[in-house]
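There are 2 protein chains.
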Amino acid sequence: MPRGIPVTVPDDGLTTRQRRNAPVLAVHTGPGKGKSTAAFGMALRAWNQGFDIGVFQFVKSAKWKVGEEAAFRALGRLHEETGEGGAVEWHKMGEGWSWSRKAGTEDDHAAAAAEGWNEIARRIEQERHRFYVLDEFTYPLKWGWVDVADVVRVLSERPGKQHVVVTGRDAPPELLEVADLVTEMTKIKHPMDAGRKGQRGIEW
Amino acid sequence: MPRGIPVTVPDDGLTTRQRRNAPVLAVHTGPGKGKSTAAFGMALRAWNQGFDIGVFQFVKSAKWKVGEEAAFRALGRLHEETGEGGAVEWHKMGEGWSWSRKAGTEDDHAAAAAEGWNEIARRIEQERHRFYVLDEFTYPLKWGWVDVADVVRVLSERPGKQHVVVTGRDAPPELLEVADLVTEMTKIKHPMDAGRKGQRGIEW
Chain A
863 MPRGIPVTVP DDGLTTRQRR NAPVLAVHTG PGKGKSTAAF GMALRAWNQG FDIGVFQFVK
923 SAKWKVGEEA AFRALGRLHE ETGEGGAVEW HKMGEGWSWS RKAGTEDDHA AAAAEGWNEI
983 ARRIEQERHR FYVLDEFTYP LKWGWVDVAD VVRVLSERPG KQHVVVTGRD APPELLEVAD
1043 LVTEMTKIKH PMDAGRKGQR GIEW
Chain B
863 MPRGIPVTVP DDGLTTRQRR NAPVLAVHTG PGKGKSTAAF GMALRAWNQG FDIGVFQFVK
923 SAKWKVGEEA AFRALGRLHE ETGEGGAVEW HKMGEGWSWS RKAGTEDDHA AAAAEGWNEI
983 ARRIEQERHR FYVLDEFTYP LKWGWVDVAD VVRVLSERPG KQHVVVTGRD APPELLEVAD
1043 LVTEMTKIKH PMDAGRKGQR GIEW
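Chains as they are written, first to last, in the working numbering: chain A, 863 to 1066; chain B, 863 to 1066.
Just chain A, same shape as in the assembly:
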């Protein structure tokens, strides 16, 4: 467990308080489970601090992560009704981005991914959210649908105190370079190796 004691104190001219409050860019990568789940676990903390949360899922499947989505939508409703915690917006590429009127974007994943990123970049510029989950965002980067250099620039130059968590395998080195927190999840053992299929309450 972290004890709050930095290993080294950098010569960056910042006070401890400034450093403490520096917004975090985190990347969860590697072939193991838990990349997205850990991101949503972090979002629970953000919610409890009253942070405005924006989740952007760059996946096609509607089935997976329905549990996290339902729980966060419930937390978002609780915020609207009682003021507890923070606001929650949950956007999915799979069904066409909610802000988009384009029909048939689901037929063109590359265009949909680029549109999603452009919207996120706009929101970051406007400081629309305080905590962003860019779920499985490494894949459009890997497939060349979204420009890595543009992402690195927008994320590393983002204004204010916006925290960003990016999840997915094979995160590009340029992104890891500018990230503050990089965790690799490694699969040691998985039930599917033993012939099990995914099950409700565990995989979704």
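Please keep in mind that the hints were generated in silico from the structure rather than gathered at the bench. One or more hints might be untrue.
It does not matter which identical chain is meant; a pair holds if it fits inside one copy or across any two.
Taking lysine-lysine and the DSSO-like style, the derived pairs with C-alpha atoms no more than 27 Å apart in a straight line are [as the list claims (entries may be wrong)]:
hint : residue 1 : residue 2
1    : LYS1023   : LYS1051
2    : LYS1004   : LYS954
3    : LYS1051   : LYS1004
4    : LYS954    : LYS1023
5    : LYS1004   : LYS1049
6    : LYS1049   : LYS1023
Could you slot chain B onto chain A? The hints should help.
Leaving out everything else, chain B in the frame of chain A:
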């Protein structure tokens, strides 16, 4: 992302459905971040499925994970009020277990840890919860406060459909042996290395 297709089909005499519904024992270990956060992310899915959730935290600090606790307590209240999701119980060793009347257990961590495990073992026998998070439970195992062989026996022989997630560094090999899902979190880069301290909404 898992596609639901097992790599191998074992010769265990079970149907795919039986295997699919086999309760999961998961262990999140390794030196990186995300072990507990991923467990709480899994618990979000369990909550959404209406599973009764029991969280048992084997840590002393009250500060860390207060965000997850607040969010899950909110989800538990939502369940009580609207029937949505599942029930949530959250127990902490740090403040003395809520079910315990013993004064001063906080002075004897070994006894408190053993008491916590004994209660969990009773609940598992009674099938009290459907989804257990044994947070940072590897430490009392490591320090010899709780008997590893007893834990392995109770967990591997647990009745019904109870899912269990154990988190913490240095999980004992005997536990990994009986686990269905083992993920190791590896630290690649951490803001505290760069002289930052923990901050609200991120570390708690």
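Hints the structure fails to honour
none
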